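Build out the structure end to end from the sequences listed, making use of the hints.
Those protein sequence lines, which keep their order, are chains A and B. Using UniProt numbering, you'd call the opening residue of the first sequence number 1 and step up by one each time. Using UniProt numbering, you'd call the opening residue of the second sequence number 1 and step up by one each time.
In short, the hints are calculated from the structure, not lab data. Just so it is clear, the structure is predicted and the values come from calculations on it, not from any experiment. Since no wrong hints were added, every one of them can be taken at face value.
Which chain B residues face chain A? A few, computed with CB under 8 Å, are given here:
1. Thr-55
2. Leu-59
3. Ala-65
Where a beta carbon is used, it is the ideal one built from N, C-alpha and C, also for glycine.
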Amino acid sequence: MMVPLTQLEVAGLRPRLDDALTALQELRLAEVVTIVDPGETPPDLADLIDRTDAMMPLAGRSATGTVLSDTALRTTLDHLEPQVAKLLAGDEELRGEAEALPRSIDALDALQPLVPELGRLNDRQLANLGLASMALVLDDPDLRIVPELTRQLAELLGRGHLMVTSTATPGGPVGCLLVLRRADLPDVNALLGTERIVEVGVPAAYAGKSLRATVEAMRERLAKLPGERNRVQTELAATVIPVAGSLHATIAVLRARAERAVAAAQADLSSRTFILRLWVPTKQTEQVERALADRLGQAVAVERLDTSESVEDQPVLLRNRPGWQPFQRLVGLLSWPARGDLDPTGLTALVLPIFFGVMVGDVVYGGLLLAGAWWLRSHWPKNSTVGQVGRVMALGGAWTILFGFLYGEALGSLGHSIGMPALWFYRGGPTALQPLLLFALAIGLVHVVLGLLLGVWTAARGNHRRQVASKAGTLLVLAGLFGLAGAAAAGFPAGVLTPAVAALVVGVVVACVSQGALGLLLGPLDLLGALGNVLSYLRLAAVGLASTYLAEVANQLGARGPLLLGLLVATLFHALNLALAAFSPTIQALRLHYVEFFGQFYEGGGRLFAPLGAAGATGSEPDSATGLPSHVRTTPEPVPARSPV
Amino acid sequence: MELGLIALAAGLAVGLSALATGYAQARIGAAAMGAVAEKPELTGRAILLVAIPETLVILGFAVSAMIILLLGGK
Numbered sequence: 001m002m003v004p005l006t007q008l009e010v011a012g013l014r015p016r017l018d019d020a021l022t023a024l025q026e027l028r029l030a031e032v033v034t035i036v037d038p039g040e041t042p043p044d045l046a047d048l049i050d051r052t053d054a055m056m057p058l059a060g061r062s063a064t065g066t067v068l069s070d071t072a073l074r075t076t077l078d079h080l081e082p083q084v085a086k087l088l089a090g091d092e093e094l095r096g097e098a099e100a101l102p103r104s105i106d107a108l109d110a111l112q113p114l115v116p117e118l119g120r121l122n123d124r125q126l127a128n129l130g131l132a133s134m135a136l137v138l139d140d141p142d143l144r145i146v147p148e149l150t151r152q153l154a155e156l157l158g159r160g161h162l163m164v165t166s167t168a169t170p171g172g173p174v175g176c177l178l179v180l181r182r183a184d185l186p187d188v189n190a191l192l193g194t195e196r197i198v199e200v201g202v203p204a205a206y207a208g209k210s211l212r213a214t215v216e217a218m219r220e221r222l223a224k225l226p227g228e229r230n231r232v233q234t235e236l237a238a239t240v241i242p243v244a245g246s247l248h249a250t251i252a253v254l255r256a257r258a259e260r261a262v263a264a265a266q267a268d269l270s271s272r273t274f275i276l277r278l279w280v281p282t283k284q285t286e287q288v289e290r291a292l293a294d295r296l297g298q299a300v301a302v303e304r305l306d307t308s309e310s311v312e313d314q315p316v317l318l319r320n321r322p323g324w325q326p327f328q329r330l331v332g333l334l335s336w337p338a339r340g341d342l343d344p345t346g347l348t349a350l351v352l353p354i355f356f357g358v359m360v361g362d363v364v365y366g367g368l369l370l371a372g373a374w375w376l377r378s379h380w381p382k383n384s385t386v387g388q389v390g391r392v393m394a395l396g397g398a399w400t401i402l403f404g405f406l407y408g409e410a411l412g413s414l415g416h417s418i419g420m421p422a423l424w425f426y427r428g429g430p431t432a433l434q435p436l437l438l439f440a441l442a443i444g445l446v447h448v449v450l451g452l453l454l455g456v457w458t459a460a461r462g463n464h465r466r467q468v469a470s471k472a473g474t475l476l477v478l479a480g481l482f483g484l485a486g487a488a489a490a491g492f493p494a495g496v497l498t499p500a501v502a503a504l505v506v507g508v509v510v511a512c513v514s515q516g517a518l519g520l521l522l523g524p525l526d527l528l529g530a531l532g533n534v535l536s537y538l539r540l541a542a543v544g545l546a547s548t549y550l551a552e553v554a555n556q557l558g559a560r561g562p563l564l565l566g567l568l569v570a571t572l573f574h575a576l577n578l579a580l581a582a583f584s585p586t587i588q589a590l591r592l593h594y595v596e597f598f599g600q601f602y603e604g605g606g607r608l609f610a611p612l613g614a615a616g617a618t619g620s621e622p623d624s625a626t627g628l629p630s631h632v633r634t635t636p637e638p639v640p641a642r643s644p645v
Numbered sequence: 001m002e003l004g005l006i007a008l009a010a011g012l013a014v015g016l017s018a019l020a021t022g023y024a025q026a027r028i029g030a031a032a033m034g035a036v037a038e039k040p041e042l043t044g045r046a047i048l049l050v051a052i053p054e055t056l057v058i059l060g061f062a063v064s065a066m067i068i069l070l071l072g073g074k
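Structural data, given as structure tokens:
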């Protein structure tokens with residue numbers, strides 16, 4: 001539900017503005033309204049936050065320490081940053097080496113069997129013969145460089161050279177061993193420098209060795225790299241951890257200061273006074289007033305403003321049951337409700353799992369979903385995204401079991417074939433299609449009509465007469481069509497026919513008239529849209545049938561062939577079906593809410609209430625305690641400490 | 001023979017509308033993902049837009065069901 005908000009105007013002495021903002025941060029009940037300027041974090045403070053933020057990934061999670069003054073923090077960072085930059089650059093270099101070496105080893109190793117004798121000669125032995133060798137690793141995925149290099153070398157050296165190439169993996173780097181006259185070495189080096197050869201050179205550390213010795217040295221180096229990276233990580237930790245507690249404490253205080261600086265810029269300031277405008281939950285207005293009076297005494301005056309008329313950029317505060325939080329997030333995924341909207345969280349929490357159950361409807365699948373939900377909720381915090389997914393899965397699983405009993409399905413047709421009775425009807429049966437379609441349409445009719453009724457109520461509250469008439473007309477048309485369809489197919493009494501036709505005619509006229517000058521065009525389009533919305537609920541039947549028949553396929557395939565193979569195939573198919581069942585029905589149920597249901601009454605476009613100190617982290621400055629809101633955090637820029645040298 | 005034609009017609013009703021839905025979703029999905037990459041807060045609207053053409057295949061399913069129920073039962 002939406003919590004009503006009140007706007008307060010707070011006037012006080014300018015020197016006490018920071019005190020007032022600190023009190024509001026601690027209270028976490030007031031959002032500052034921009035009167036003058038949206039405000040931004042002062043550059044000095046933003047720079048300090050950015051530099052400190054860059055150290056936080058290295059500082060671990062939980063640590064306690066004292067808050068540093070700005071000067072002490074700058075000194076600490078000036079001392080830390082060069083050391084950290086050097087270590088990070090060294091780590092980056094090692095990481096790059098660890099990635100590059102296996103490619104070089106593979107490429108050069110593949111050359112060895114081709115030239116076993118040459119591979120054993122080192123540079124000195126080759127020099128005695130008046131020869132030189134070059135080992136290259138070339139990136140040549142398009143196979144254009146090697147032929148080009150071969151042609152250029154032939155032009156330059158004639159027949160006085162030997163080039164052997166080999167690729168360990170198709171498309172991978174090409175190992176290339178070039179043996180040439182020692183006198184030609186400068187010309188070849190010049191050629192390699194001027195041509196467009198993407199060379200992954202063999203590192204200088206392996207120069208002068210034979211091919212075989214190079215590969216062996218590279219392997220030894222590769223084996224040592226993890227140890228070296230661990231040593232660098234240990235040094236990094238030893239550098240940062242001693243001040244990690246202070247950094248944690250200080251960054252919280254810095255963020256709180258930044259938030260207060262932004263809020264102060266939003267206030268109306270004179271040389272001696274300030275005026276702050278705040279949104280606060282109406283029920284907590286007195287609490288805010290009392291907190292300000294306690295902190296500032298006579299130096300502040302608070303006035304409640306009249307916000308009965310629409311106020312620009314009013315935030316919305318939603319307060320729902322803890323169990324509905326995941327569904328609130330699903331509503332926000334589309335758009336947060338605006339002022340005057342209904343909060344559809346409760347209805348979504350109630351109906352979305354039912355739709356899921358209608359579609360999947362299988363006792364065993366439901367049980368597995370429940371087990372999965374229990375596992376997710378026992379391994380992740382309840383408020384985390386994964387924990388909330390577990391909550392939605394649990395509700396969906398419960399309804400899936402219920403509808404599984406109604407349909408008589410357990411692992412699809414398996415339950416039916418072993419005698420599990422269907423309390424309502426079995427979806428895989430030859431006569432199931434008609435009741436399933438009617439059931440889906442009935443659900444659609446009820447859901448769309450509920451949406452239209454909410455739309456009428458919302459429009460009436462906002463005095464939008466045309467919208468009231470349009471939605472009422474649509475309701476009448478749906479009622480008329482339902483009556484006619486019932487009279488034609490379901491054996492409704494003949495007396496229904498006249499009121500149904502009357503409702504249909506009146507509904508069409510009202511819907512057209514409510515659209516104004518273009519009513520004859522827009523009215524019928526709206527009515528067709530509403531009818532399409534109801535028909536769209538047939539997806540409940542379609543997705544459900546697809547799930548049932550995939551389970552049937554799994555069972556039939558499992559029944560063929562040997563027992564173990566059959567079990568394996570059936571398990572694989574049921575696992576696939578369950579994975580699809582966990583994903584597709586959720587999307588479909590969500591879509592039915594977003595498009596067919598919300599479309600009847602929900603405007604959206606709202607902005608969530610974001611009070612000072614909202615994130616809940618607090619830090620203690622040498623003389624005060626402050627809150628830490630997330631929405632004023634500045635995005636950290638990459639700092640030199642993280643760049644490779 | 002007649003039963004086979006009925007089954008073929010029902011399959012075509014769903015299959016062709018599924019192709020149309022897939023074509024529309026591919027175009028909308030590509031554009032929507034581009035928009036989400038720029039503005040992640042549009043994720044909900046992207047899902048909504050991608051899901052809209054599914055009505056085509058649902059209507060195809062309805063037609064297919066009508067073919068089976070009205071003609072297949074005879």
